[in-house]
Each structure stands twice: as C-alpha cells, then as structure tokens.
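A.B. asks: Here is what each chain is made of, one letter per residue.
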Amino acid sequence: MHVPDGFLDPATSLTTGVLAAGTVALALKRARTELDDRTAPLAGLTAAFVFAGQMVNFPIAAGTSGHLIGAVLTAVLVGPWTAVLCMTAVLLVQAVLFADGGLTALGTNITLMGLLAVVVGYGVFRGLAAVLPRTRAGVLTATGGAAFLSVPAAALAFVLLFALGGTVDVPVGTVASAMAGVHLLIGLGEAAITVAVVGAVLAVRPDLVHGARGLRTAATLEDRRPTAAGAAR
Amino acid sequence: MGVTHGGTLTARYLPGTSVVHRLPPQAKLLAVLGFAVVVVATPVHAGWAPAAYTAYLLLVLGVATAAGIGPGRLARGLVVEIPFVAFALLLPVVARGPRVDVLGLSLSESGLAAGGGLLAKATLSILAATVLAATTEPRSLLRGLERLRLPHLLVQILMFMIRYADVVGSELHRMRVARESRGFTGGGVRGLRVMAATAGALFVRSYERGERVHLAMLSRGYSGSMPGGRVVPAGARPWALALSLPAAAVAVLLTGALVG
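Read top to bottom, the protein sequences are chains A and B.
Under our numbering, the first residue of the first sequence carries the number 1, and numbering increases by one thereafter.
Under our numbering, the first residue of the second sequence carries the number 1, and numbering increases by one thereafter.
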C-alpha cells in the first residue's frame, strides 16, 4: 500500500523527497560499516528477499492472512542502515517497474516505509532489547514490539503529512483514529510474522541476525568420554 | 501466494519495437516524472480541472496506443490503486465544508471535488508509469537511473536485486512445491510457523547466495565498482520526442489557467 501521486501537495512531496535523499545518502555511507565491501551484493540479495517475502501470504488468525512490510524484519536481520537501503531499493523497483507508488510520491514512500518504519522500529527494538534479558526470548519480544509499533507509526506519519500537505480539508482527528485503529491490527499481524521469521532464522543461523549479536557466546568445549551408547552408534 | 513466479520483474514488460520502446530510458523516466508533476500541480477545485484531466488522459492513451499497449494491460496496472480508491471514496463523507445531497447522502462539496481529483491524479500517473514499465526492460531502466546520476552504490544494489529477484522468487516457488507435495495446506497458527520457517530459510539462502556472489566477484577482480559498458548519451531528437509528453501536459495546464 503505497502513496500514489497527487495525495500530497508538491511542497510536502518535495520536502519528504529531500529528506529521503539525504537519509539514503547517509545510509549509503553507514551501510559500509555494517557490511564493508560486501554491501552491494548482500544488500541487493536482501532486497530481493524482501521483495519476494512481501509476496508470501501468512495465515494470521481466524482465516485472515497478511503479508509482510518487512522494515523491522530487515533492520533486525541486517542492521538499520542496510535495511534503509533495502527498503529504498524495493520501493524504487515497485514504483518504476510496477507503477506501485507514484514517482512524485517516491520520497514520501521512502520516508514512511524505508526511513520512519526502520528508525522507529529499530529504536524501539534497541530500547526494549536493552531492558529485556539477553536471551532468545528477549530478542524476539523486542522484535515483536518494534514490528508492532512500526506500522501504526508509519500510518500516523502519513496522516500527519496528509494534515500538513493534503489537498483536502478533513477532520484530522477522525482520519487519524481510523487509520490508527486499522494499522494497530495490521501491526499485530506484522509483529506475528516478523517474530516468527526472526525466530526461524535464529534457530538455524543465529550469527546472521544483526540484532542478536549480544546473544553470541563462545561455544563451550567439553571433553566427552566415549560411552557405550556412542560406541554403538 | 496469488502472484505468479518466474519472470516476476519482467511481468510488466511488453516486448516491442515501437517508437516509445526505442526511446532512451533516462528520457522516458524524466518524461513520466514530469508528466506526474504537471498532473499533481493541476488545481483540483478549478472549474477547468475536469477538462484538463480529460486532456491528460487523452495524452497518456495516445502514448499507450503508439506503444501498442492494450486497454487490458493498462487496466491491470491500475490494480495497485484499489486501497486508495477506498480512501478517496471516504473523503466526501468525512470532509468538512458545505454539504450537498447525492442519492440521499449528505456529502461534502469540497470532499467530492478533492476525492475525485485525487482519483484522477493517481489514475493518470499510474497509467503513465504503466506505459513506462511496459515499454522499458528492468535492466534498461537501471541504465536510465544510472544516467540520471543515482548514487553508484545504490545502482549496484538495484542491479543485484533485479538480477536475483527472479532467482529468489523461484527458490520460494520450489519451497512451495516441496511444501505442498508433503501435503501442507496452511491456515492456523501452525501454518504461520511453517510459512515463517520458509521465509527464514529463504533469507538464509539469499544471504548465503550474496556471500558466494561476493566471493566470486572478488576472485574475478571486483574492487568496489562494476565494470559496465558506457551508457550511451541519447541524442537531442529522442529527448525532444520523450519530453513532448510533459510539454503537452504543461501546455494543457497553462491553457486551463489562462482561459479557464
């Protein structure tokens, strides 16, 4: 669900466009600290994963299904700066190759889904991870809280932009509460999917989860005597 | 998963040799962007706005005809608009200002105009972008973006994404085939866990593929930038031809502002 052309006035589109361009420029610099010279292939493949992952329909509850937005998932998996780049790449491809999201609204879409969702989501994740115990459950709880909040945060930011640069005189409170209500539900779905996917990656390759770096401990080696059961195997 | 896999990224491309197909991608990108800017800049509440929107529509349909894009393809491009149609339909109900009775419903006048204007603007821009996507290959669009001075690293990321999107997509497809041949039907919380394991495995495989690609590139002498053919600068005539679309739109806008 991307903002199309014409929803916001040119001034707002231009401002968010400049904001998005600045952030992407910064992210291009900072992503190298997360991935060094592997940035291009790894961010590209992760973007391809997000693009494919958005097409997977997850069963949520009571026969409903939803798909991932993926901002928090990407940020927890590969780090926030790389996540900004991946989301930007996905949004750009969707706008240019699929006409999904207007070209003049590209800056707005990147600001909302690439920048704000990642910044708010990763901020909440770091905050929660700092107070929660450094365990698998702690990381997953922080991930869930971040994914849940990132969706209504982006939706409310859209309402704010619409109030500032929208072309219609609507009661902002009504629109805000309606959007918040719907997106709290979507946020629950996003949280369920994100936690499940991060949990699945943690189970097989915990070293690949950027947000779970604190969990890594040196494997303890122990001297095991061959036993009868071991010998029989 | 109602989306077809295999060739996902090129799904919107319609091979052809029309004038529009042959235009340089960077010119087409700027032309569509310029057209969208003019459409967005058209004031919704002006009396001549509907006439201007009709003129824009004729312009886009003219380009689509020249490119050999059928109405079915254009209509399918509009599917992405659906959530915002709902939003636009809500506007007349919730907007403030003088009310007007339509079919027994008390609707806001300014909300009606604004909702209609939003729909018209979004539809016109999506049609133009659909023509762009249908006449330009993904690789060629990337060249256009590179030519328009998109940062080099971002172009590389996009290049890897475009190259491997179909690989990752068909990986996902194979996983679905494997899942369903084991009798998986989905639904419920158990289904969520299975799908999450699928997505998790897909991430691990994509990331590891990225690592292998990087090593392969290093062993072939990669030093941070991709060797690529020079992007050929386009001549003045194709540029003029491509920019005639936004130019015509500007003419419509000016005519409306002066005459209306």
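Be aware that a few hints might be false.
[What the hints assert, rightly or not] Computed from the model, here is a short list of chain A residues facing chain B with C-beta under 10 angstroms: (1) ASN57; (2) THR88; (3) ALA178; (4) ALA200.
Hint data in this document are derived by calculation from the structure and do not stem from the laboratory.
C-beta: ideal position from N, C-alpha, C; glycine also.
A.B. asks: Next step is simple, just say for each hint if it's right about the structure.
C.D. replies: Here is what the structure says about each hint:
Interface hint status for A/ASN57: upheld, as the beta-carbon distance to the closest one in chain B is roughly 6 angstroms, under 10 angstroms. Annotation: A/THR88 was flagged as interfacial toward chain B, and the flag holds, the nearest CB pair being 7 angstroms apart, inside 10 angstroms. Taking 10 angstroms as the C-beta cut-off, the interface hint given for A/ALA178 holds, the closest approach to chain B being about 8 angstroms. Checking A/ALA200 against chain B by beta carbon gives a least distance of about 3 angstroms; that is within 10 angstroms, so the hint holds.
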